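Student: Please construct the entire structure, taking both the sequences and the accompanying hints into account.
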Amino acid sequence: MDATAVTTGDDMATAENRTAESEVGPLPKDDLFHLLQNQRRRRVLRYLREEEGQVDMRDIAEHIAALENDVEVSALSSAQRKRVYVGLYQCHLPKLDEVGVIKYDQSRGFVERTALTEQLFPYLEVNEEDEDVGEEITALVLRYHGVATVLAVVLTLAAWATVIPAAGLWLATFVTVLFAAATLAVVYR
Numbered sequence: 001m002d003a004t005a006v007t008t009g010d011d012m013a014t015a016e017n018r019t020a021e022s023e024v025g026p027l028p029k030d031d032l033f034h035l036l037q038n039q040r041r042r043r044v045l046r047y048l049r050e051e052e053g054q055v056d057m058r059d060i061a062e063h064i065a066a067l068e069n070d071v072e073v074s075a076l077s078s079a080q081r082k083r084v085y086v087g088l089y090q091c092h093l094p095k096l097d098e099v100g101v102i103k104y105d106q107s108r109g110f111v112e113r114t115a116l117t118e119q120l121f122p123y124l125e126v127n128e129e130d131e132d133v134g135e136e137i138t139a140l141v142l143r144y145h146g147v148a149t150v151l152a153v154v155l156t157l158a159a160w161a162t163v164i165p166a167a168g169l170w171l172a173t174f175v176t177v178l179f180a181a182a183t184l185a186v187v188y189r
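Counted from 1, the sequence shown has number 109 at position 109 by full-length UniProt numbering; the numbering is strictly sequential.
To be clear, the hints were calculated from the coordinates, so they are not data collected in a lab.
Just so it is clear, the structure is predicted and the values come from calculations on it, not from any experiment.
A hint or two may mislead.
As the list claims (entries may be wrong) - With a straight-line Cα cutoff of 16 Å, these simulated EDC-like cross-link-like pairs (lysine to aspartate or glutamate) come out:
| hint | residue 1 | residue 2 |
| --- | --- | --- |
| 1 | Lys82 | Glu62 |
| 2 | Lys82 | Glu68 |
| 3 | Lys82 | Asp56 |
| 4 | Lys95 | Glu112 |
| 5 | Lys82 | Glu98 |
| 6 | Lys103 | Glu52 |
Tutor: Set out below in structure tokens:
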């Protein structure tokens, strides 16, 4: 009897997926950076980097919620879990799945790495604490700009109202406008 292999539709689909994954080219830089611009998507990819095989979406959501709220997973409230879960379910995981970075089975709630996932890992090497420090510095700069602008406005108005001597009033007005413009530029950059 001749031993010939019989291929089913499922076998063919699996073979096609393996071939497609092995022939994956690099993501265009614009797509890559668009995917990585969101902190939740970066956290999903960092989580998947540490896990093998299929991962339950709820586990990812709990992990990210704990990071965002700076608490242990066991201390998360239902609302904190739900907020992250909904964002991942409706937006972030479908976007990563759409470009082939992950396999996301939305109906079963499973997420899995693909060959493209590996391409993003070098871009995740930036330490998350460094990202937080950048945000703190921006907040500090905004605070100082805001205080300086308010002080300059108060002094300029006092000079215009002749409460204080008006020596250099035009210079004070000019400096105030510059502070206000600089503050607005930082806020709306």
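Student: Is it true that the CA of Lys95 sits at most 16 Å from the CA of Glu112?
Tutor: holds (14 Å)
Student: Against the 16 Å threshold, does the CA-CA distance of Lys82 and Glu62 hold or violate the hint?
Tutor: holds (9 Å)
Student: Tell me if the straight-line CA distance from Lys82 to Asp56 falls inside 16 Å.
Tutor: holds (15 Å)
Student: Has the given pair, Lys103 with Glu52, been kept, meaning a C-alpha gap of at most 16 Å?
Tutor: holds (13 Å)
Student: Please work out if Lys82 and Glu98 have their alpha carbons no farther apart than 16 Å.
Tutor: Not satisfied, since the Cα-Cα distance of roughly 23 Å exceeds 16 Å.
Student: Does Glu68 lie within 16 Å of Lys82 when you go C-alpha to C-alpha?
Tutor: holds (13 Å)
Of the numbered hints listed earlier, the single one contradicted by the structure is hint 5.
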